[in-house]
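**Q** Now for the letters of each chain:
Protein chains: 2
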Amino acid sequence: MKKIINDASAVVDQMLDGLAYIHGDLVERLDGFDSIIRKSPKTGRVALVSGGGSGHEPAHAGFVGEGMLSAAVCGAVFTSPTPDQILEAIKAADEGAGVFLIIKNYSGDIMNFEMAQELAEMEGIEVASVVVDDDIAVEDSLYTQGRRGVAGTIFVHKILGHAARAGKSLAEIKALADELVPELSTLGLALSGATVPEVGKPGFVLSDDEIEYGIGIHGEPGYRREKMQTSKVLAQELTEKLLASFEAREGKFALLINGMGATPLMEQYIFAKDVAGFLEQAGLQVAYKKLGNYMTSIDMAGLSLTLLKIKDEAWLTALNSPVTTIAW
Amino acid sequence: MKKIINDASAVVDQMLDGLAYIHGDLVERLDGFDSIIRKSPKTGRVALVSGGGSGHEPAHAGFVGEGMLSAAVCGAVFTSPTPDQILEAIKAADEGAGVFLIIKNYSGDIMNFEMAQELAEMEGIEVASVVVDDDIAVEDSLYTQGRRGVAGTIFVHKILGHAARAGKSLAEIKALADELVPELSTLGLALSGATVPEVGKPGFVLSDDEIEYGIGIHGEPGYRREKMQTSKVLAQELTEKLLASFEAREGKFALLINGMGATPLMEQYIFAKDVAGFLEQAGLQVAYKKLGNYMTSIDMAGLSLTLLKIKDEAWLTALNSPVTTIAW
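Line by line, the protein sequences give chains A and B. Heads up: the first sequence runs through residues 1 to 328, numbered per UniProt numbering. Heads up: the second sequence runs through residues 1 to 328, numbered per UniProt numbering.
No wet-lab data here; the hints were simulated from the structure. A hint or two may mislead.
One copy or two, either will do: identical chains are not told apart, so a pair holds if it fits within one copy or between any two.
Using 27 Å as the maximum straight-line C-alpha spacing, the simulated DSSO-like pairs for lysine-lysine come out as follows [claimed, not checked]:
| # | residue 1 | residue 2 |
| --- | --- | --- |
| 1 | 42 | 290 |
| 2 | 232 | 2 |
| 3 | 241 | 2 |
| 4 | 91 | 42 |
| 5 | 2 | 290 |
| 6 | 289 | 42 |
| 7 | 174 | 289 |
| 8 | 252 | 39 |
| 9 | 201 | 2 |
| 10 | 227 | 201 |
| 11 | 232 | 201 |
| 12 | 290 | 241 |
| 13 | 39 | 168 |
| 14 | 241 | 252 |
| 15 | 252 | 232 |
With the sequences and hints as input, model every part of the structure.
**A** Set out below in structure tokens:
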């Protein structure tokens with residue numbers, strides 16, 4: 001393992017100090033906790049809190065800011081944050097109108113966020129939540145019952161963030177989230193495994209000419225390993241499977257191509273061109289497009305493709321609205 | 001070589017199509033050329049044109065947009081664009097007030113940009129230019145006489161972009177550029193080499209426990225190879241050398257930590273925390289901070305550290321002004 005770190009057991013702590021140093025105009029570290037909260041003044045709106053294991057940077061701290069999240073709770077690498085840590089973030093984020101939790105579908109996250117929710121409610125804070133499960137690769141996985149929550153989560157942050165900024169109530173945000181999540185599908189592939197600093201070697205190894213489809217953002221097994229293919233073949237595989245996950249192809253869609261960490265933008269853009277060709281062939285109307293490293297898996301090489309069916313024109317407005325964050 | 005591409009000889013062409021597809025609201029591809037130009041209406045201001053070899057994404061196309069570059073000329077990977085290609089970008093970008101070229105210091109780039117400048121002047125377009133040479137690692141290099149031009153170039157794009165948007169004349173922008181570039185110092189290090197698709201293997205190889213200080217963004221040799229160190233030791237080496245390159249440490253500085261492509265944000269932030277410590281010890285006043293993958297070297301693991309001495313408060317205003325680009 002060759003990494004620019006000091007101490008494998010202190011990576012999250014030191015990373016958050018560095019993040020708060022660089023982006024001190026926007027966010028701060030919650031004193032004594034591994035959480036990042038926004039600095040903008042509280043105005044009595046619903047607060048959005050998300051998070052999970054670290055190692056997916058810029059997710060989720062990069063989406064804290066005006067118009068998106070109020071706080072991000074950062075667990076150890078690939079490990080759920082603890083209930084008391086989540087509770088403190090809920091309390092710090094609360095503006096008096098309730099707190100909404102955006103949880104990726106991993107058993108540890110669900111257990112700990114739900115426990116924090118109960119603790120917060122006991123302290124008189126109204127809390128609601130949604131579980132994002134956009135990864136269509138496999139049913140059930142190493143750390144998950146049902147589908148995993150992956151890159152599509154950032155669209156949930158953005159659209160709910162817009163609603164919260166507009167002053168929607170906790171009940172309205174919950175209803176919006178429940179409508180949004182089922183319209184979201186993601187599928188990824190990996191060229192290499194990620195190395196968790198405390199482990200010191202990749203979670204899985206692919207040979208020099210091998211890829212794996214459907215890999216999770218913690219290296220959970222996908223659905224097929226095969227020889228490396230051209231970008232066009234990879235794009236066809238992911239696009240066809242994703243399209244098949246939607247009952248209807250009419251209407252508008254939002255597209256996200258997400259790099260896993262070590263894949264250069266050059267490759268992501270080449271892949272985007274190929275995806276564009278297949279979506280055009282399918283007659284899909286792509287009304288919003290985004291590309292880059294948003295939900296990474298440390299130093300994994302690979303990418304994912306997300307489609308969101310736009311059921312309501314307001315979702316597009318929300319995606320396009322300017323925000324003040326580190327990474328959107 | 002395992003890359004998400006179709007044809008190693010077509011990577012730039014296909015990447016630019018993908019980029020224009022994803023960011024079609026902001027930029028377009030110059031018809032028939034490997035250049036990206038902004039879509040915002042022409043208003044008679046000085047146009048800024050930059051570029052160079054591809055492989056440094058998001059530089060330079062990611063900085064095309066309102067408030068920064070008018071156009072980016074994209075050569076083959078790690079290869080200067082041709083004079084006719086640069087000429088066409090100059091002609092397309094021109095708004096009638098002259099065109100200013102921002103050139104990184106590589107012999108090929110200088111020769112070809114200067115030839116394009118002469119051709120444009122023969123067609124009646126007023127052109128001026130600056131050569132950025134911020135890399136303090138070595139004097140003279142594989143492709144360079146003098147110091148190389150590296151990540152600090154994006155500060156030049158930003159500050160000159162602000163001046164151009166404010167309606168400054170070509171002569172004023174030239175004077176500002178000549179004042180700015182000498183205040184800019186960068187130093188980098190690599191943990192791995194970059195693989196040019198047409199070559200198919202890394203430009204240099206470091207063993208599993210080895211790093212190289214002062215490496216160039218095309219893998220040009222640095223000034224020392226040694227065993228891998230902690231982030232703190234790496235930060236101390238780069239910070240001390242950079243600080244020594246400035247005659248005076250009074251006044252304000254702008255800081256850029258730039259990832260080379262394959263280095264996760266986690267490591268960049270840990271490094272940032274360590275740099276912050278050394279800068280504080282040195283009593284340096286850091287008035288602007290930026291971190292991320294801005295001037296990459298394809299899939300190289302590594303990073304660079306840039307300091308800009310703020311000689312004029314207006315430079316800070318320029319760095320902080322909002323822009324509409326893909327990647328700033």
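**Q** In ascending order, which of the hints set out earlier in this document are inconsistent with the structure?
**A** none
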